[in-house]
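Student: Line by line, the protein sequences give chains S and V. Position one of the first sequence corresponds to residue 1 (this note's numbering), numbered consecutively onward. Position one of the second sequence corresponds to residue 1 (this note's numbering), numbered consecutively onward.
Everything labelled a hint here was simulated from the structure, so no lab data went into it. Certain hints may be false.
[As the list claims (entries may be wrong)] SDA-like mimics (lysine to any residue), calculated; alpha carbons at most 20 Å apart, straight line:
hint: 1; chain 1: V; residue 1: Lys151; chain 2: S; residue 2: Glu409
hint: 2; chain 1: V; residue 1: Lys100; chain 2: S; residue 2: Leu415
hint: 3; chain 1: V; residue 1: Lys151; chain 2: S; residue 2: Leu415
hint: 4; chain 1: V; residue 1: Lys100; chain 2: S; residue 2: Gly407
hint: 5; chain 1: V; residue 1: Lys100; chain 2: S; residue 2: Lys148
hint: 6; chain 1: V; residue 1: Lys151; chain 2: S; residue 2: Glu396
hint: 7; chain 1: V; residue 1: Lys100; chain 2: S; residue 2: Glu409
hint: 8; chain 1: V; residue 1: Lys100; chain 2: S; residue 2: Ala397
hint: 9; chain 1: S; residue 1: Lys148; chain 2: S; residue 2: Lys237
hint: 10; chain 1: S; residue 1: Lys237; chain 2: S; residue 2: Arg51
hint: 11; chain 1: V; residue 1: Lys110; chain 2: S; residue 2: Glu409
hint: 12; chain 1: V; residue 1: Lys151; chain 2: S; residue 2: Leu124
[What the hints assert, rightly or not] To be clear about the criterion: a stretch of chain V counts as covered by chain S if any three or more of its residues have a C-beta under 8 Å from a C-beta of chain S, and this derived list gives those stretches:
hint: 13; region: 145-156
hint: 14; region: 211-218
By construction, the Cβ of each residue, glycine as well, lies at the ideal position given by its N, Cα and C atoms.
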Amino acid sequence: MEELISGLTKNNMSTIVEDTLYQQLVSTFQELETVQEPADLTERRRQAFERFQQEGFPTVKHEEWKYTNLHPLTNTAYVLNADVNVDDIDVSKADIPGLDAHRIVLVNGQYVLAFSSLEDEIGLTVKPIEEAHAEEGFQKHYAAYADKSDNILVQLNTALQTSGLYIHVAPNKAVSKPLHIIHVATGDQPFFAQTRNLIVAEHHAEVEIVESFITLDAAAKNLNNKVSEIVLAEGAKVQHYYIQVADAASNYLQHTEVYQEQYSLYNNYNCNLPGASFVRNNINVRLDAENVESHLYGINLTSDKQFVDNHTIVDHLKPHCESYEWYKNIPQDESTAVFNGKIFVREDAQKTNAFQQNNNMLIGDKASVYTKPQLEIFADDVKCSHGCTMGQFDDEALFYLRSRGIGEESARVLLVHAFAFDVTTRFSNEAVRAYVEGLIAEGLEK
Amino acid sequence: MLNIKNLQASVEDKEILKGLNLEVKAGEVHAIMGPNGAGKSTLGNVLAGRDSYEVTGGEALLDGVDLLDLSPEDRAREGLFLAFQYPVEIPGVSNINFLKTAVNDIREYKGLPPMEAKEFLQMVKEKQKLVEFSANLANRSLNEGFSGGEKKRNEIFQLAMLNPKLAILDETDSGLDIDALRIVANGVNQLRSKDNAFVVITHYQRLLDYIVPDFVHVLYNGRIVKTGPKELALELEEKGYDWLKEYDTQTA
């Protein structure tokens, strides 16, 4: 793998003259083909890149990217796989008060052991994904799920990812503390990074994962194309938080593909706060066995000219499963929130319970929301509901609070907390909940 | 304490209050009665600062401070309290958290440090009893799913917690059965002191059997047209408001 990285670095020096990311990627891939790695991986990269090359970056003509224009992000050159100076990395921006966790730090996508604090825990394996080829979990699951989705950016990641995490939790193992994964963006030249994570929770394993995204001060513009595959074997439980608190220099394309076996439970809490200029999440959950439960919660408070797009798919493939999805958007200023939630209930998936709700509270005349709840049902004995609301501050409620002596600003914070309550109250971790509520209050203050 | 002079206010360009005068001294309870549309609720809302009402003239001084110049929160911090006719339900805001914020915002305005958690909870416990409010209700989301009676009791509970100089009860008796009415009135009576004052807006004499006023004012067509002792309420109950039409034309 070292050879691969040095190959990429060398290549980057020769391709910096390319003027678009696409051209850069094509040149990079051509050089990559000479790099040594297990033949099956090389073949996988080749096939993935072929698909990416055929389709290219998605444009707004593509239904799934209608409101999400990547052109301004891809029509420019980046440094690919730049060396990172890890001497003065300060990850305190990701601190969550009161959270006792194993800390794992990735800088521009590279796992940096020096900043991580991961005491040995029997039954828990955490290693850079580039060193995980020999792991059984890797061989069985790597690129087995996300690559089946039609998100072309997954192909790009599979073709050219250079780093990331492999996390494995052994059967019946309940990890003692949450894993706090901190994604740091830093560097003085514009860079493009691709992280690839594979998380495998074996049967009846339990783990809580909190992923924070931060940008160090004075970082150059950066674009991150991250793919995570999460596998839950029978009876496994995964609590998974995304806490997006990066700065305006950072832009994220993130694909999360969850594959669940019977009696497993997956909860995703997707929190986006003021900061990152651009965030696109694809979160797909495949309920591919009976008695699976999945919950997707989202809380998105945006400001300035931020753009946050969450696309989710909940795919009910087998009977007797339950899914529950609730997304709340609070765009302020000139920011934009997009929600696209698809629920599929396949022919076999009788006795499905599927719930989806998206509520929006627009603050400011220039804030926008695009929402599209979709439900496609092919089975006949199911309980499904979906709904969507648009609103603004409730003036009556605001007056009521103010008439009790509560200042207008505090009253607004209380009302936004109240709006977010349906989601924040579901958080399984109290410290994270208090932290996110604090971030919401901060994000509203002007 | 409260001194309202020639107060004029309109809603959507329709003039509702047409030069209202009222003086309330510390320790007093004033009842304001009158037919629908006379401007009773407008008076409460204008004083509390609801922005759909436009004040077109006059002044309303609370201990010398003109309330009409202040934001709704500053009016409350100066010691005004409006018990709403229709208290708002706010799911997701806990009653306790709401009260703690209100108590501490008012204290901050007065230059006092936030109240200690223990002291606050002690006060909650004590004031709950005034309106026979259970801990369960106090801990729920603000008014969410409360019955009409529970909402009104919650208004009085808030009143007790915030301890204002002047409280306006806007048709607090509407929608109450006789037991709830007794609880609410009993709470108010226990809160009466020589240092505070109440303005009780009501349609019916019934409430005044429980909260006995020092003065009864009749509000008609945007003005107070008659003031009398508590017996005036009985007279109104008996005669209705129709006879006031004549009165209004005479004085106009």
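Student: Could you run down the list of hints and mark each one as holding or not?
Tutor: So, going through the hints one by one against the coordinates:
{"no.": "1", "hint": "V:Lys151 x S:Glu409", "result": "violated (25 Å)"}
{"no.": "2", "hint": "V:Lys100 x S:Leu415", "result": "holds (15 Å)"}
{"no.": "3", "hint": "V:Lys151 x S:Leu415", "result": "holds (19 Å)"}
{"no.": "4", "hint": "V:Lys100 x S:Gly407", "result": "holds (13 Å)"}
{"no.": "5", "hint": "V:Lys100 x S:Lys148", "result": "violated (52 Å)"}
{"no.": "6", "hint": "V:Lys151 x S:Glu396", "result": "holds (16 Å)"}
{"no.": "7", "hint": "V:Lys100 x S:Glu409", "result": "holds (15 Å)"}
{"no.": "8", "hint": "V:Lys100 x S:Ala397", "result": "holds (17 Å)"}
{"no.": "9", "hint": "S:Lys148 x S:Lys237", "result": "violated (23 Å)"}
{"no.": "10", "hint": "S:Lys237 x S:Arg51", "result": "violated (34 Å)"}
{"no.": "11", "hint": "V:Lys110 x S:Glu409", "result": "holds (18 Å)"}
{"no.": "12", "hint": "V:Lys151 x S:Leu124", "result": "violated (53 Å)"}
{"no.": "13", "hint": "145-156", "result": "violated (count 0)"}
{"no.": "14", "hint": "211-218", "result": "violated (count 0)"}
Hints 1, 5, 9, 10, 12, 13 and 14 from the list above are not met by this structure, while the remaining hints are.
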